[in-house]
Structure formats: structure tokens, C-alpha cells
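With the working numbering, letter number 78 in the sequence shown gets 78, and the count goes up by one each step, no holes.
Don't read these hints as lab results, they were simulated from the structure.
Backbone N, C-alpha and C define an ideal beta-carbon position, used for all residues, glycine too.
Accuracy of the hints is not assured; some may be wrong.
As the list claims (entries may be wrong) - The calculated lysine-lysine pairs, modelled on PhoX-like cross-linking and capped at a C-alpha distance of 20 Å, are:
#1 K104 <-> K89
#2 K34 <-> K21
#3 K49 <-> K5
#4 K49 <-> K104
#5 K49 <-> K26
#6 K71 <-> K104
#7 K104 <-> K5
#8 K36 <-> K5
#9 K49 <-> K18
#10 K26 <-> K71
#11 K21 <-> K36
#12 K49 <-> K21
#13 K89 <-> K49
#14 K5 <-> K21
#15 K18 <-> K36
#16 K5 <-> K18
#17 K71 <-> K21
To be verified - Cβ pair distances, simulated, as ranges:
#18 G68 <-> K34: 20 to 30 Å
#19 D88 <-> W41: 29 to 39 Å
#20 H67 <-> P97: 32 to 42 Å
#21 P39 <-> G94: 15 to 25 Å
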Amino acid sequence: MIEIKYLSDEENYATVLKALKEVLGKRYTGILNKEKYPPYWVDAIAVYKDEELFDIQLYDPYSEVAHGVLKNHTGRSEWLFHLCDDDDKMEQEGLSPNEANRIKSLSEC
1 MIEIKYLSDE ENYATVLKAL KEVLGKRYTG ILNKEKYPPY WVDAIAVYKD
51 EELFDIQLYD PYSEVAHGVL KNHTGRSEWL FHLCDDDDKM EQEGLSPNEA
101 NRIKSLSEC
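Take these sequences, add in the hints, and give me the full structure.
The structure is reproduced here in C-alpha cells:
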């Protein structure tokens, strides 16, 4: 079963920020370290499968959170583990068609 958490959700802010820092590594700028609440200019979508991080996507239109992360014209990155943008990989990882469709709908927003 999957769970979706947003950086912009105060309840999940610390959890998603920790995951984002781990995934980005040296590309993370540190700008959110002093933020106590989700900033309005950035967001991230973290997908958890069985309580483990499955994939994460960053919305950083001003490139303040990370350097060297490719983004589209709206500021949204690709899925950083490249699992949630590939139907075959999602199926191989055991996601149901409904879970895969739920994840795909996140990218349409």
C-alpha cells in the first residue's frame, strides 16, 4: 500500500524534508534548514510504499532548494528515483494499477 506525503503539509514537513535532504545529498542547498513551517515557494511529493520512501518529486521553481536537478517549465522535477514515471517499474515493484494511476495523477497537477 502506498502513502503520499507533501512537504507543504505541516504534519509531514519534517519527514518529507528529511527524505528530500537524503535524496538530494550535496545538491541540497540548506535553505530549508531554518524554516519551521512549509514555505509557500517550494513543495515536494513523497511516495511511501510499506512505510519506506519509494520516490520523491520536487517543486522548486526558483532553484533555491537544490542545484543540478532538472525541472520542467513549471519548476517540477522528474521523479528523483525514476520509479513513479515508469509503468513497468511500478508494476515490478508490486504497485497495483490503482496505485500507479494515483501516482500518475499527481504529475498531472
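* Can you list which hints this structure breaks, lowest number first? -> Numbers 5, 21, in rising order.
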